[in-house]
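Undergrad: Here is how the chains run, residue by residue.
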Amino acid sequence: MFGLANPQRFMSATRRLPAVLGVAAGLLLAAGVWLGFTAPEDYQQGDTVRIMFVHVPASWLSLAVYAAMGGASFFALVFRHPLADAAARTAAPIGAAFTALALITGSLWGRPMWGTWWEWDARLTSVLVLFLFYLGYMALRASIDDEQKAGRAAAVLALAGLINLPIVKFSVDWWNTLHQPASVFRADGPAMTADILTPLLVMGVAYTVFFAALWVTAIRAEVNQRRANALALRAAGGA
Amino acid sequence: MPDLNMGEYGAYVWPAWGVSALVMAALVWSVLSKARKAKRALDQAEGRDPS
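Top to bottom, those sequences are chains A and B. By the numbering used here, the letter at position 59 of the first sequence is numbered 59, and the numbering carries on one by one without gaps. By the numbering used here, the letter at position 24 of the second sequence is numbered 24, and the numbering carries on one by one without gaps.
Since the hints were derived computationally from the structure, they do not count as laboratory data. All figures in this text were calculated on a predicted structure; none of them were measured in a lab. Even glycine gets a Cβ: it sits at the ideal position worked out from N, Cα and C. Warning: the hint list may mix true and false statements.
[As the list claims (entries may be wrong)] Taking CB as the label site, the calculated pair distances span:
1) A:Leu233 with B:Asp3: 17 to 25 angstroms
2) B:Gln44 with A:Phe170: 29 to 37 angstroms
3) B:Leu22 with A:Leu233: 32 to 40 angstroms
4) B:Gln44 with A:Gly46: 51 to 59 angstroms
5) A:Ala31 with B:Leu22: 19 to 27 angstroms
6) B:Gly47 with A:Ile144: 47 to 55 angstroms
7) A:Ala67 with B:Leu32: 23 to 31 angstroms
[As the list claims (entries may be wrong)] In silico contact screen, one side only, chain A against chain B (beta carbon under 8 angstroms); selected entries:
8) Val54
9) Ile104
10) Thr105
11) Arg220
12) Ala228
[What the hints assert, rightly or not] A partial selection of chain A residues facing chain B, derived with a Cβ cut-off under 8 angstroms:
13) Gly46
14) Arg50
15) Leu101
16) Thr217
17) Arg227
Make the full structure from the sequences, and use the hints.
TA: What follows is the structure, encoded as structure tokens:
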């Protein structure tokens, strides 16, 4: 595992991975779409339950990607490992996109079910804060010219933002919220029937594999770009 | 067969799926174009570098 922290070893070990993950993500997404639209409508929510198949996986990924970004930032900050820094940097825009999707699709689900597009309740607000942490991370990196300083400052911000993850997750238990409590990962099992749970889980796996395909591709691109920049700098210095 | 008639909720269900598809397609396009750009830059730099 730690052998992969070497950029060259990572590049050779992951050469075919993006294509494999990309095909798997495509097949899983196709299966998820099919299952999502063949599932019966919910007896209370009607067809709006189909929004759940895109909203919940995006919400899961918004948290998981931030956790991955925080973990990578920790390794980048403590061990000053360039691959960990590349991993954190490339995770940010993907995580921000998933968080934006969670907010937008949640709003589209909230309007017909709650009668409002937005409510400043604990879950919605903490997810908005998560989105702002992603934006802050990217803005901070972009605002500092020195790559190493930018990486370190952004890593500190990413680590500080980790505190928000349990707040997002448990906000529905700690406060009275309009948002419903957890209905899949519960101590007494999922609170939904198999015909709704199956498409949700398939879409959850599909989004995860989709993210993995994008992330590996993006890290490989970042490694290539940094190597190109270093070579160009060396060539300019020798000229 | 899939049921594509969302009835009164079509105005919420289709935009939710549509924006998801759009953002995911944009992510794929963005990551792939960065990967191509980086590969081109590396090829160019390796061509210039005598080592």
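Undergrad: Now tell me if each hint is right for this structure.
TA: Now the hints, each set against the structure:
Hint check: Leu233 (chain A) to Asp3 (chain B), Cβ distance near 58 angstroms, so the stated range 17 to 25 angstroms is violated. Separated by about 50 angstroms at the C-beta atoms, Gln44 (chain B) and Phe170 (chain A) break the suggested range of 29 to 37 angstroms. Distance hint check for Leu22 (chain B) and Leu233 (chain A): the Cβ-Cβ separation is about 38 angstroms, which falls inside the suggested range of 32 to 40 angstroms. A hinted range of 51 to 59 angstroms for the beta carbons of Gln44 (chain B) and Gly46 (chain A) is consistent with their spacing of about 56 angstroms.
The given range of 19 to 27 angstroms is respected by Ala31 (chain A) and Leu22 (chain B), whose C-beta atoms sit roughly 20 angstroms from each other. Taking 47 to 55 angstroms as the suggested C-beta distance range, the pair Gly47 (chain B) and Ile144 (chain A) does not conform, at roughly 31 angstroms. Distance hint for Ala67 (chain A) and Leu32 (chain B): a CB-CB separation of about 25 angstroms, consistent with the stated range 23 to 31 angstroms. At about 4 angstroms, the closest approach between the beta carbon of Val54 (chain A) and any beta carbon in chain B falls short of 8 angstroms, and the interface hint on this residue holds.
This hint holds: Ile104 (chain A) has a C-beta 6 angstroms from the nearest C-beta of chain B, less than the 8 angstroms allowed. For the restraint placing Thr105 (chain A) at the interface with chain B, the shortest Cβ-Cβ distance is roughly 4 angstroms, inside the 8 angstroms limit, so the hint holds. Below 8 angstroms, beta-carbon pairs count as interface contacts, and Arg220 (chain A) has one with chain B at about 7 angstroms; its hint therefore holds. A distance limit of 8 angstroms between C-beta atoms decides the matter here; for Ala228 (chain A) the minimum to chain B is near 4 angstroms, and the interface restraint holds.
Interface hint at Gly46 (chain A): satisfied, since its Cβ lies 6 angstroms from the closest Cβ of chain B, which is below the 8 angstroms cut-off. The closest approach between the C-beta of Arg50 (chain A) and any C-beta of chain B is roughly 5 angstroms, which is under the 8 angstroms cut-off, so the hint is satisfied. Given the 8 angstroms rule on beta carbons, the hint for Leu101 (chain A) holds: about 5 angstroms separates it from the nearest Cβ of chain B. The beta carbon of Thr217 (chain A) comes within 5 angstroms of a beta carbon in chain B, closer than 8 angstroms, and the hint placing it at the interface holds.
Hint status for Arg227 (chain A) relative to chain B: holds, with the closest Cβ pair at about 6 angstroms, below 8 angstroms.
Comparing the model with each numbered hint stated earlier shows that hints 1, 2 and 6 do not hold.
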